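Respectively, the protein sequence lines represent chains A and B.
Once you know that position 68 of the first sequence is 68 in full-length UniProt numbering, the rest is easy, because the numbers rise by one and skip nothing.
Once you know that position 358 of the second sequence is 358 in full-length UniProt numbering, the rest is easy, because the numbers rise by one and skip nothing.
FYI, nobody ran anything at the bench for these hints, they're computed from the structure.
If you're wondering where the values come from, they're calculated on a predicted model, not measured in any experiment.
One or more hints might be untrue.
Stated by the list, open to error - Subject to a maximum C-alpha distance of 25 angstroms in a straight line, what follows is the list of computed SDA-like cross-link-like pairs (lysine to any residue):
id: 1; chain 1: B; residue 1: Lys35; chain 2: A; residue 2: Lys45
id: 2; chain 1: B; residue 1: Lys35; chain 2: A; residue 2: Ala23
id: 3; chain 1: B; residue 1: Lys40; chain 2: A; residue 2: Glu27
id: 4; chain 1: A; residue 1: Lys42; chain 2: B; residue 2: Gln352
id: 5; chain 1: B; residue 1: Lys350; chain 2: A; residue 2: Tyr114
id: 6; chain 1: A; residue 1: Lys45; chain 2: B; residue 2: Arg348
id: 7; chain 1: B; residue 1: Lys40; chain 2: A; residue 2: Glu82
id: 8; chain 1: B; residue 1: Lys35; chain 2: A; residue 2: Thr120
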Amino acid sequence: MRFTKDHEWVAVEGDIATVGITAYAAEQLGDVVFVEVPEVGKTVKQGDGLAVVESVKAASDVYAPVSGEVVEANAALGDAPETVNAVPETGGWFAKLKLSNPSEVEALMDRDAYEAFLGTL
Amino acid sequence: MSDQDLKKTPLYDAHVASGARMVPFAGYSMPVQYKDGVLKEHLWTREHAGLFDVSHMGQARIRGTDPAKSFEKVVSADYQGLKPGKQRYGVLLNAQGGIIDDLMTARPDDDGLFVVVNGACKDNDYAIIAKALEGEATVERLEDRALLALQGPEAAAVLAAHVPAAADMVFMDTAVLTAFGVEAIISRSGYTGEDGYEISVPAADATRIWNTLLQDERVKPIGLGARDSLRLEAGLPLYGHDLDETVSPIEAGLNFAIGKRRREAADYPGASRIGAELAGDLSRIRVNLKVLEGAPAREGAQIADATGTVVGVITSGGFGPSFGGAIAIGFVPPALAVVGARLQVIVRGKSQAAEVVASPFVPNRYVRKL
Chain A
1 MRFTKDHEWV
11 AVEGDIATVG
21 ITAYAAEQLG
31 DVVFVEVPEV
41 GKTVKQGDGL
51 AVVESVKAAS
61 DVYAPVSGEV
71 VEANAALGDA
81 PETVNAVPET
91 GGWFAKLKLS
101 NPSEVEALMD
111 RDAYEAFLGT
121 L
Chain B
1 MSDQDLKKTP
11 LYDAHVASGA
21 RMVPFAGYSM
31 PVQYKDGVLK
41 EHLWTREHAG
51 LFDVSHMGQA
61 RIRGTDPAKS
71 FEKVVSADYQ
81 GLKPGKQRYG
91 VLLNAQGGII
101 DDLMTARPDD
111 DGLFVVVNGA
121 CKDNDYAIIA
131 KALEGEATVE
141 RLEDRALLAL
151 QGPEAAAVLA
161 AHVPAAADMV
171 FMDTAVLTAF
181 GVEAIISRSG
191 YTGEDGYEIS
201 VPAADATRIW
211 NTLLQDERVK
221 PIGLGARDSL
231 RLEAGLPLYG
241 HDLDETVSPI
251 EAGLNFAIGK
261 RRREAADYPG
271 ASRIGAELAG
281 DLSRIRVNLK
291 VLEGAPAREG
301 AQIADATGTV
311 VGVITSGGFG
321 PSFGGAIAIG
331 FVPPALAVVG
341 ARLQVIVRGK
351 SQAAEVVASP
361 FVPNRYVRKL
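Working from the sequences, and respecting the hints, build out all of it.
Okay, here's the thing in structure tokens:
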């Protein structure tokens with residue numbers, strides 16, 4: 001699993017990257033009440049808006065940590081947005097992307113580097 | 001404004017000790033939530049009793065030979081007719097009939113009027129009020145007092161354990177009572193739609209009283225996040241969002257804030273506009289919307305009619321935890337402000353179905369009779 005400074009995570013299997021937000025981000029957001037996931041077939045570049053997570057108070061953008069095409073979205077979040085708080089780094093994923101530039105993944109932080117980054121916040 | 005410039009209420013240390021997340025609000029560092037988070041705090045208040053620090057709000061005394069008469073030059077409500085022991089909602093008006101602030105005015109004793117105004121507006125409010133009172137009455141800011149709100153169905157039982165006389169009050173009653181060993185100005189009111197009290201106490205005693213109330217297992221501290229979702233569900237407008245200097249009290253659906261005697265005398269600022277609006281000449285009015293599909297529609301989202309034509313804007317919106325869905329307050333032409341009317345809200349470019357619903361979203365639980 002790799003991480004961004006915007007608190008997204010990426011887990012890669014073959015050329016498919018699953019994307020979500022970290023436990024830290026879920027904690028900061030508070031209770032998630034609505035998630036807008038991307039449409040299958042949408043193409044995103046690294047840094048583009050990928051999903052929107054809404055708490056009681058605010059809407060927050062989730063950015064694509066890597067470039068690619070959306071091949072699956074987590075439709076289960078429509079009925080159970082609280083999954084993002086409960087299991088942010090497993091069942092609370094937002095989308096699966098077919099990587100268009102796999103080298104982007106290698107440039108992201110690993111778990112140790114991300115933990116160290118959190119220590120600086 | 002940097003964090004160093006933010007003011008602190010007398011309860012700042014107590015909030016930090018309770019694990020509050022502090023944010024800048026109205027020039028103060030205020031708790032937006034505690035450890036439980038907005039959702040749980042909201043539901044706790046609806047089921048038990050929530051304790052809020054609202055000390056950032058302005059508290060003042062207006063004194064003079066006839067303070068209500070002088071005060072009425074800039075506000076809409078009938079304060080000359082306000083009986084001792086009662087409190088009344090009103091709006092401070094500009095010359096065009098726009099709302100400079102909304103405020104609560106009480107006659108808790110025979111020491112003039114007691115006024116509570118919004119924190120972000122207070123300096124401007126006091127300047128306007130002082131000018132209106134000039135030579136007739138004075139406005140004295142009560143900087144050495146804190147303000148606590150205890151809200152929820154168990155609030156009355158909680159407070160009665162400390163202040164038995166509070167149990168005899170009904171909605172909008174006010175009194176100066178000895179409470180927690182000090183002189184407290186207590187009103188049975190609040191801004192959550194629940195039964196409850198606002199309690200003004202000396203700043204030096206605020207932390208002790210706060211902690212005493214929190215020792216009751218029915219009481220939890222509640223932050224500004226849940227305060228906002230509670231007042232939204234209660235269908236109550238918020239200054240700086242649903243109310244501003246362009247909005248008249250009639251557009252805002254606050255007709256009750258113009259006293260009957262005042263309407264007849266038409267002796268308040270902006271009376272010509274407000275009189276015309278009361279007679280039906282109105283281009284927009286506040287409505288409650290239930291968002292039927294999609295994301296919550298928040299402040300700034302456009303409202304469109306069934307054909308897609310933009311007809312208005314959302315001024316407050318979010319998720320109603322007790323309502324169980326997305327709700328919003330906005331302004332639309334009166335012809336569309338009919339319960340059951342189908343409209344659309346535009347969120348991030350997407351049109352989502354919405355419906356005009358009655359206010360409040362969640363039934364009020366004010367105690368009007370004992």
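Verification of the hints:
no.	hint	in the structure
1	Lys35/B x Lys45/A	violated, 36 angstroms
2	Lys35/B x Ala23/A	holds, 16 angstroms
3	Lys40/B x Glu27/A	holds, 14 angstroms
4	Lys42/A x Gln352/B	holds, 21 angstroms
5	Lys350/B x Tyr114/A	violated, 35 angstroms
6	Lys45/A x Arg348/B	holds, 19 angstroms
7	Lys40/B x Glu82/A	holds, 13 angstroms
8	Lys35/B x Thr120/A	holds, 22 angstroms
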